[in-house]
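Enquirer: Letter by letter, the chains look like this.
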Amino acid sequence: MTCEEFMDAAGGLTPSQLLRMRSAEDQPLVAHVGECGACREWLESHRVLGNALHALSASTAPLEASPKVEQMLLQAFRKQEFAPRAVELTQKAAKSLWTLSRFFEAGAYAAVAAALVVGVFLGARILRDQQNKTNRAPLQAVNAPQSNKAAAAAQNSEARTTAQAPQVATKAATSIASSAVAARKQSAQAAASQANSAENGGFVALMLCDPLICSGDEQVIRMELPASAVTGVDSSTTQTVLADVVIGDDGLIRRMRIVN
Amino acid sequence: MLAEQTDEQLLKMALDGDEEAFTALYRRRHGPIFRFALHMSGSLQVAEEVTQDVFLFLLQRGGDFDPERGALGAYLFGVARNYVRRAMEKSYTEATTTCTAEDDDSRLVTDFDPVRDIANSQLSVAVWKAVLSLPEHYREVVVLCDLQEQTYADAAQALGCAIGTIRSRLHRAHDILMKKLKNTAPSLIGFTGDAARCLS
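Which chain is which? The protein sequence lines are A and B, in order.
Taking the numbering used here, the leading residue of the first sequence gets 1, the next gets one more, and so forth.
Taking the numbering used here, the leading residue of the second sequence gets 1001, the next gets one more, and so forth.
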């Protein structure tokens, strides 16, 4: 063993371990100390230091703080309001309760926000439904008297038909009678359509539309139409009529009225 | 019965208001704390103040102690170390102990005289003065490991550093002590050579 190896090994030992350096593991160290005077001197000096530190420790071991310190501490102990544990528990409980309350508060805010959103949505829906109803109601109120006129017109046409009947030959009596029945039906349909048109502000329904199905948005467009398309006769004329056409959201014409 | 309780159990009982448990804990632990403060400061008065402060701290903040982080004894040494530092900073001019290796022993001011009170050997006096003149971080490990006979692990916990740091500081502190003793009492220590230069 070299001196450097000895220093590496012995340097890691405490003074008390140097004092007890007698075991088999320490034999190389002991052997080197027997050969090297300088290392032996180092070891002895550190053993002396260990002895001195041990002696100093042993000599101060009986020393303690004076009884005054203990008395003062006991006074402080008695003055202290105990239940620090209870206080600690209370503080912990308060902290957890506060956390819980924050959680519920956040939940309450979320619930209120959700209720507001739902309320606004429902309100808008109800408002739209009411607007739809109010748009239809005046039309019904305005067109009610006109239905009487339409009924009267139908009766007149029936009377006219019956009045013309005596002027026709007796051979055609049965055909006249049947035509009278057909005319009555037509006049009834016309009266019904006029009643409907009266209900819709003069618009004539062009298609049978279930109100539950055709309740969507409608658009009124004013346009010029060939007169033949409106009257169904005299297709050779180029005369046009101005008409308001109601077109549903499906693109089909629901009603129309002639403006001039 | 209280003697069978561990430090941690006594502390818990004391914090629950058990005066006897607090007294038992104090009587069990105040000696090492007092001596640690005495060895660190060299002053009986500072040692008593530190002892008192440490147990007052334990009374007020003992709930912060976590047994999983180490023993109560090492925790108390750590608290005492902080109070010793404060006391020495406060009365630096009266108890100057943060000396370098070249400091003059005459600068050491201490009201504790090992010659008079405890040991009569000149070597003890020389060692005592040499220990007090060590830089603080070296003095701490010498006091804890050599004088208080704490394990490296407990010293590491008390000082808040690694065990390897304790080991290296202790080794260095012994070398400084030997150099000081060589200068102040070479005949007592029997040190005349320098082994480090021997490469045989």
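In case anyone wonders, no lab produced these hints; they're calculated from the structure.
Heads up, some of the hints might be wrong.
Said to hold, decoys possible - Cβ-Cβ distance ranges computed for the label pairs, FRET-style:
#1 A:Leu116 <-> B:Asp1016: 46 to 56 Å
#2 A:Glu44 <-> B:Glu1004: 15 to 25 Å
#3 B:Asp1064 <-> A:Glu35: 53 to 63 Å
#4 B:Glu1008 <-> A:Glu44: 37 to 47 Å
#5 A:Leu97 <-> B:Glu1008: 44 to 54 Å
#6 A:Glu44 <-> B:Asp1016: 52 to 62 Å
#7 A:Ala115 <-> B:Glu1008: 26 to 36 Å
#8 A:Leu63 <-> B:Phe1057: 15 to 25 Å
#9 B:His1171 <-> A:Leu97: 18 to 28 Å
#10 B:Gln1009 <-> A:Gly107: 35 to 45 Å
#11 A:Ala110 <-> B:Glu1004: 27 to 37 Å
All values reported here derive from a predicted model rather than from experimental measurement.
All residues carry an ideal CB built from backbone N, CA and C; glycine is no exception.
Enquirer: Each hint: holds or not?
Expert: Against the structure, the hints:
Range check, A:Leu116 to B:Asp1016: about 52 Å between beta-carbon atoms, so the 46 to 56 Å window is met. The hint said 15 to 25 Å for the Cβ distance between A:Glu44 and B:Glu1004, and at roughly 44 Å that hint is violated. Between B:Asp1064 and A:Glu35 the beta carbon distance is about 56 Å. The supplied range of 53 to 63 Å therefore holds. For B:Glu1008 and A:Glu44, the hinted distance range of 37 to 47 Å is satisfied, since their beta carbons lie about 43 Å from each other.
Remark: the range hint 44 to 54 Å for A:Leu97 to B:Glu1008 is contradicted by a beta-carbon distance near 29 Å. For the pair A:Glu44 and B:Asp1016, the beta carbons lie near 54 Å from each other, so the given range of 52 to 62 Å is met. Between A:Ala115 and B:Glu1008 the beta carbons are some 54 Å apart, a value that contradicts the proposed interval 26 to 36 Å. In this structure the hint that A:Leu63 and B:Phe1057 lie 15 to 25 Å apart at CB holds, the actual value being about 21 Å.
Between B:His1171 and A:Leu97 the CB atoms are about 55 Å apart, so this pair departs from the stated range of 18 to 28 Å. Hint check: B:Gln1009 to A:Gly107, Cβ distance near 43 Å, so the stated range 35 to 45 Å holds. Distance hint for A:Ala110 and B:Glu1004: a CB-CB separation of about 56 Å, inconsistent with the stated range 27 to 37 Å.
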